[in-house]
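Colleague: Top to bottom, those sequences are chains U and L. Just so we're aligned: 41 in this note's numbering is position 41 of the first sequence, and the numbers increase by one with no gaps anywhere. Just so we're aligned: 186 in this note's numbering is position 73 of the second sequence, and the numbers increase by one with no gaps anywhere.
Do not rely on the hints blindly, as some may be mistaken.
[Claimed, not checked] Within a straight-line C-alpha distance of at most 20 angstroms, the following computed SDA-like cross-link-like pairs (lysine to any residue) qualify:
#	chain 1	residue 1	chain 2	residue 2
1	L	155	U	55
2	L	211	U	75
3	L	211	U	13
4	L	211	U	58
5	U	13	U	112
6	L	211	L	145
7	L	211	U	65
8	L	155	U	24
9	U	13	U	97
10	L	181	L	193
11	L	211	U	38
12	L	184	L	168
13	L	181	L	155
14	L	211	U	59
15	L	211	L	142
16	L	211	U	9
17	U	13	U	38
18	L	155	U	113
19	L	184	L	166
20	L	211	U	19
21	L	181	L	206
If you're looking for bench data, these hints aren't it; they were derived computationally from the structure.
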Amino acid sequence: ETGVTQSPTHLIKTRGQQVTLRCSSQSGHNTVSWYQQALGQGPQFIFQYYREEENGRGNFPPRFSGLQFPNYSSELNVNALELDDSALYLCASSSQGNFNEQFFGPGTRLTVL
Amino acid sequence: GESVGLHLPTLSVQEGDNSIINCAYSNSASDYFIWYKQESGKGPQFIIDIRSNMDKRQGQRVTVLLNKTVKHLSLQIAATQPGDSAVYFCAENTNDYKLSFGAGTTVTVRA
Numbered sequence: 001e002t003g004v005t006q007s008p009t010h011l012i013k014t015r016g017q018q019v020t021l022r023c024s025s026q027s028g029h030n031t032v033s034w035y036q037q038a039l040g041q042g043p044q045f046i047f048q049y050y051r052e053e054e055n056g057r058g059n060f061p062p063r064f065s066g067l068q069f070p071n072y073s074s075e076l077n078v079n080a081l082e083l084d085d086s087a088l089y090l091c092a093s094s095s096q097g098n099f100n101e102q103f104f105g106p107g108t109r110l111t112v113l
Numbered sequence: 114g115e116s117v118g119l120h121l122p123t124l125s126v127q128e129g130d131n132s133i134i135n136c137a138y139s140n141s142a143s144d145y146f147i148w149y150k151q152e153s154g155k156g157p158q159f160i161i162d163i164r165s166n167m168d169k170r171q172g173q174r175v176t177v178l179l180n181k182t183v184k185h186l187s188l189q190i191a192a193t194q195p196g197d198s199a200v201y202f203c204a205e206n207t208n209d210y211k212l213s214f215g216a217g218t219t220v221t222v223r224a
């Protein structure tokens, strides 16, 4: 059974640029959630995808967008990067109906200069 | 803003002792409360959850207690081991898709 993987592990961008982060869900999981974790804080929910549709969204602006593919992998896109977007971005997969137990990847550390 | 929060940001425990990590919440409509553990360089890992209509649930070396009267949640770890050193988050599930996490408690186990 393959766990959740994310790429890249680290990324450095400058303000105004765009970034795409990728996530492969755990085998058998059809739901992917994305979280932003600032240093020293808990993860903050960005959005969730189920069957290639956005299934819920947190308090993040529209420049945060996502996709889910038929194989349940997912992308997080952030446009017009701001300094405050610097954080660890976590992807988590789960099976439908068991959202409490989400399986997290190791995250992508994004630094915006 | 956050609706779950932890009482103490850090906790130092002697190996072999029991650990108690506390969390307060404000949203009475939460269906579930969940505990996650995050080790350095890793994503959070599910420990245990408790439904809002329960008071206590036990897992392997862990017990979660829920006091709805005072809106308090705790995680007890028995016989704390060095591998238990991590950041512990309480979280709540209110909408069946979104987990809301608190800020975390860093647990350090002393040898």
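Colleague: None of the hints should be skipped; say for each whether it holds.
Modeller: Hints, verified against the model:
With a C-alpha separation of about 26 angstroms, the suggested pairing of residue 155/L with residue 55/U is violated against the 20 angstroms cut-off. Of the supplied pair hints, the one linking residue 211/L and residue 75/U holds, its CA atoms being roughly 18 angstroms apart against a limit of 20 angstroms. Our distance criterion of 20 angstroms between C-alpha atoms is broken by residue 211/L and residue 13/U, whose separation comes to about 28 angstroms. A threshold of 20 angstroms between alpha carbons decides the hint, and for residue 211/L with residue 58/U the separation of about 8 angstroms falls inside it, so the pair holds.
Between residue 13/U and residue 112/U, the direct Cα distance comes to roughly 5 angstroms. Compliance with the 20 angstroms bound is thereby established for this hinted pair. The straight-line distance between the Cα atoms of residue 211/L and residue 145/L is roughly 11 angstroms, inside the 20 angstroms bound, and the hint therefore holds. In summary, the hint linking residue 211/L to residue 65/U is supported, as the alpha carbons are separated by about 17 angstroms, within the 20 angstroms threshold. The hinted pair formed by residue 155/L and residue 24/U meets the criterion: a straight-line CA distance of about 16 angstroms does not exceed 20 angstroms.
In summary, the hint linking residue 13/U to residue 97/U is not supported, as the alpha carbons are separated by about 37 angstroms, beyond the 20 angstroms threshold. For the hint pairing residue 181/L with residue 193/L, the CA-to-CA distance comes to about 27 angstroms; that exceeds 20 angstroms, so the pair is violated. Restraint check: the Cα-Cα separation between residue 211/L and residue 38/U comes to about 18 angstroms, which is no more than 20 angstroms; the hinted pair holds. Proposed proximity of residue 184/L and residue 168/L is supported: the alpha carbons are some 11 angstroms apart, at most 20 angstroms.
For the suggested pair residue 181/L and residue 155/L, the alpha carbons sit about 32 angstroms apart, so the restraint of at most 20 angstroms is broken. With a C-alpha separation of about 11 angstroms, the suggested pair residue 211/L and residue 59/U falls inside the 20 angstroms cut-off, and the hint holds. As the CA atoms of residue 211/L and residue 142/L are separated by approximately 13 angstroms, the hinted pair is consistent with the 20 angstroms bound. Taken as a hint, the residue 211/L and residue 9/U pair is broken in the structure, with Cα atoms around 24 angstroms apart against an allowance of 20 angstroms.
Distance hint between residue 13/U and residue 38/U is fulfilled; the C-alpha atoms sit about 16 angstroms from each other, no more than 20 angstroms. Restraint check for residue 155/L and residue 113/U: not satisfied, since their Cα atoms lie roughly 24 angstroms apart, outside the 20 angstroms limit. A C-alpha spacing of about 13 angstroms is found between residue 184/L and residue 166/L, which places the hinted pair at or below 20 angstroms, so the restraint holds. Our distance criterion of 20 angstroms between C-alpha atoms is broken by residue 211/L and residue 19/U, whose separation comes to about 24 angstroms.
Of the supplied pair hints, the one linking residue 181/L and residue 206/L holds, its CA atoms being roughly 15 angstroms apart against a limit of 20 angstroms.
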